[in-house]
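A.B. asks: Chain by chain, the residues:
There are 2 protein chains.
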Amino acid sequence: MRAVVIHGPREIRVDEVADAALIEPTDAVIEVKAACVCGSDLWPYRGLEDVNAGAQMGHEYVGVVKEIGDDVRQVKVGDWVVGSFVASCGQCEVCQAGYESGCTNRVFMGSVGTQAELARIPLADGTLVTLPAAPNDDQLRHVLAASDVLGTGWFGAVAAEAGPGKTVAVVGDGAVGLSAVLAAKQLGAEHIIVSSRHASRQELARKFGATDILEERGEAFAEKVKALTGGYGAHSTVEAVGSDEAMQQALKSTRRGGHVGFVGVSHGVSIEGIKLFGALVHLHGGPAPVRRFLPELVDLIYSGAITPGDVFDLTLPLADAPRAYEAMDQREAVKVMLTS
Amino acid sequence: MRAVVIHGPREIRVDEVADAALIEPTDAVIEVKAACVCGSDLWPYRGLEDVNAGAQMGHEYVGVVKEIGDDVRQVKVGDWVVGSFVASCGQCEVCQAGYESGCTNRVFMGSVGTQAELARIPLADGTLVTLPAAPNDDQLRHVLAASDVLGTGWFGAVAAEAGPGKTVAVVGDGAVGLSAVLAAKQLGAEHIIVSSRHASRQELARKFGATDILEERGEAFAEKVKALTGGYGAHSTVEAVGSDEAMQQALKSTRRGGHVGFVGVSHGVSIEGIKLFGALVHLHGGPAPVRRFLPELVDLIYSGAITPGDVFDLTLPLADAPRAYEAMDQREAVKVMLTS
Numbered sequence: 001m002r003a004v005v006i007h008g009p010r011e012i013r014v015d016e017v018a019d020a021a022l023i024e025p026t027d028a029v030i031e032v033k034a035a036c037v038c039g040s041d042l043w044p045y046r047g048l049e050d051v052n053a054g055a056q057m058g059h060e061y062v063g064v065v066k067e068i069g070d071d072v073r074q075v076k077v078g079d080w081v082v083g084s085f086v087a088s089c090g091q092c093e094v095c096q097a098g099y100e101s102g103c104t105n106r107v108f109m110g111s112v113g114t115q116a117e118l119a120r121i122p123l124a125d126g127t128l129v130t131l132p133a134a135p136n137d138d139q140l141r142h143v144l145a146a147s148d149v150l151g152t153g154w155f156g157a158v159a160a161e162a163g164p165g166k167t168v169a170v171v172g173d174g175a176v177g178l179s180a181v182l183a184a185k186q187l188g189a190e191h192i193i194v195s196s197r198h199a200s201r202q203e204l205a206r207k208f209g210a211t212d213i214l215e216e217r218g219e220a221f222a223e224k225v226k227a228l229t230g231g232y233g234a235h236s237t238v239e240a241v242g243s244d245e246a247m248q249q250a251l252k253s254t255r256r257g258g259h260v261g262f263v264g265v266s267h268g269v270s271i272e273g274i275k276l277f278g279a280l281v282h283l284h285g286g287p288a289p290v291r292r293f294l295p296e297l298v299d300l301i302y303s304g305a306i307t308p309g310d311v312f313d314l315t316l317p318l319a320d321a322p323r324a325y326e327a328m329d330q331r332e333a334v335k336v337m338l339t340s
Numbered sequence: 341m342r343a344v345v346i347h348g349p350r351e352i353r354v355d356e357v358a359d360a361a362l363i364e365p366t367d368a369v370i371e372v373k374a375a376c377v378c379g380s381d382l383w384p385y386r387g388l389e390d391v392n393a394g395a396q397m398g399h400e401y402v403g404v405v406k407e408i409g410d411d412v413r414q415v416k417v418g419d420w421v422v423g424s425f426v427a428s429c430g431q432c433e434v435c436q437a438g439y440e441s442g443c444t445n446r447v448f449m450g451s452v453g454t455q456a457e458l459a460r461i462p463l464a465d466g467t468l469v470t471l472p473a474a475p476n477d478d479q480l481r482h483v484l485a486a487s488d489v490l491g492t493g494w495f496g497a498v499a500a501e502a503g504p505g506k507t508v509a510v511v512g513d514g515a516v517g518l519s520a521v522l523a524a525k526q527l528g529a530e531h532i533i534v535s536s537r538h539a540s541r542q543e544l545a546r547k548f549g550a551t552d553i554l555e556e557r558g559e560a561f562a563e564k565v566k567a568l569t570g571g572y573g574a575h576s577t578v579e580a581v582g583s584d585e586a587m588q589q590a591l592k593s594t595r596r597g598g599h600v601g602f603v604g605v606s607h608g609v610s611i612e613g614i615k616l617f618g619a620l621v622h623l624h625g626g627p628a629p630v631r632r633f634l635p636e637l638v639d640l641i642y643s644g645a646i647t648p649g650d651v652f653d654l655t656l657p658l659a660d661a662p663r664a665y666e667a668m669d670q671r672e673a674v675k676v677m678l679t680s
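Those protein sequence lines, which keep their order, are chains A and B.
The letter at position 214 of the first sequence is residue 214 when you use my numbering, and the numbering goes up by one with no holes.
The letter at position 225 of the second sequence is residue 565 when you use my numbering, and the numbering goes up by one with no holes.
Keep in mind that the hints are not guaranteed to be accurate.
To be verified - With a straight-line Cα cutoff of 25 Å, these simulated DSS-like cross-link-like pairs (lysine-lysine) come out:
no.: 1; chain 1: A; residue 1: K275; chain 2: B; residue 2: K615
no.: 2; chain 1: A; residue 1: K185; chain 2: A; residue 2: K224
no.: 3; chain 1: A; residue 1: K275; chain 2: A; residue 2: K207
no.: 4; chain 1: A; residue 1: K252; chain 2: B; residue 2: K564
no.: 5; chain 1: B; residue 1: K566; chain 2: B; residue 2: K547
no.: 6; chain 1: A; residue 1: K275; chain 2: B; residue 2: K592
no.: 7; chain 1: A; residue 1: K207; chain 2: A; residue 2: K224
no.: 8; chain 1: B; residue 1: K525; chain 2: B; residue 2: K564
no.: 9; chain 1: A; residue 1: K275; chain 2: A; residue 2: K226
Hints were generated in silico from the structure; no laboratory data involved.
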């Protein structure tokens, strides 16, 4: 089968590799109908993380079940399925508490690789969600977004306790930040303030439900958020970048007693205890338990209530994966979809 | 009136000062019937914080209202009252959300001083809770504990979401940690694991509801907690020390998706973002909104359900305040009550 393989920084190739196959009786193998490139794929691409030369890439996927292991009960061959970037058992106490991304038996899909014609899905019963019907092109795009960025932005908004009557601030206008805006809107937030300097992203933020767009960053952003909230600060803030500056901006933008949800993979973030003590906020985040939200997200997509796939502004065939990485790296695209 | 005044490191004296008096129409003046020395009073005492020479000390108090300002409506002269270490308006959005310690108009009682015969209580209506009846000696001790240590430990347990079916770990066996044990028990926790190496504190921890006492610290403590919880870690952990070691111990002891409540005033605590991201816990803490819990705590005390005043292992008259500080400093006492 063909699969995207990294050979070194900026050396992304579509190689012929051995077909994905069942290993454990709890595995499924799917035909990948759509995958995509994630912001986190850019860390090794840019040489900012160690490159595991020869490793397959990708952790987002929508597909059709091709084969199932002997112990798989919940999905069957021919089903259209989506799963999150973490395969999870669904049985352990952490899964049962809704933290599938922290599953005791978890497998990060990035270690398997889904930018390929076929992909092995470990723990298929706990991981995969069956779609109500074969998706049309639009639904395919939207469901693919749910596999990671939407689910991650959604978790950010839930972790920040976005809800009716709340003012939600979102730090970051990437695919995850924009998804957090959509989530906050769906969760009933009254005001949604986004930090963005890019016209096209501002436009999508407004479409997803943003009420205020601020070009300020850092302290200046926090001051503006306070001015918009009677001096208090946001009830809920989503940090969707992962930098130290973004985390500090999020903490400062939030009122005492408020909630900060952080979903940007932390790079160089350090939080002083005494500042967090004084801020008196709730802080919660990490790898999003997307699996918890997938059934609801699929329903919202199939009912037409949300269009999260709007974050994809470029679609390329799997064969053009090198170009997809380049477009993301050069910020020509917010998010690229790869089709089979 | 007589009041405890700090003149320099280890220079605590009981001085004759001007009587506390009304300043704002929202003030009350109370006769302080009981006050106490707090662990946080030891920071300036030990010269580890700048000493404001000539400043009055103390922020915990139970008393009888002696005088009220023109705008005070909720308390009247002669009422027995208790309040928290933060005076709060009760009206702003932060107070209304139950975060009175973050009140927009807050006054830290430490800046006023309650180790004295009289004390001015700012924002009396928002701050003071009237007791159902004049307390007997036991009730006085218990209600005094509610003014800070019990309320703070309670907040730690609430922030950690201690509750039925949960395993709660408590890092710290001081008055606040012990109060967190009592709170976790009241909140219905199933298992309560405490980190303690002191026989007398272990005994009180057991009396308050601890099911397991561990002498281990740091990683070793966390490993033991995991071994006691099927490998998962505690659902809820209360950090009641404020040191970096204690915070790391708390984070490591908690399962993914779990909750850490931190109420130790942070000294030198630094949290790496990527570790917090990986831990996938909820982290919440700061100066406890004790006022939120006071009515319920007073009810529990008057009904005889809890005996938080057991943390006081030494009682001295106000005149012996220098001895009280010394006993706390030398760890001869967990917590000293000062009587009028």
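A.B. asks: Tell me, in ascending order, the numbers of any earlier hints that this structure violates.
C.D. replies: Violated hints: 3 and 4; rest satisfied.
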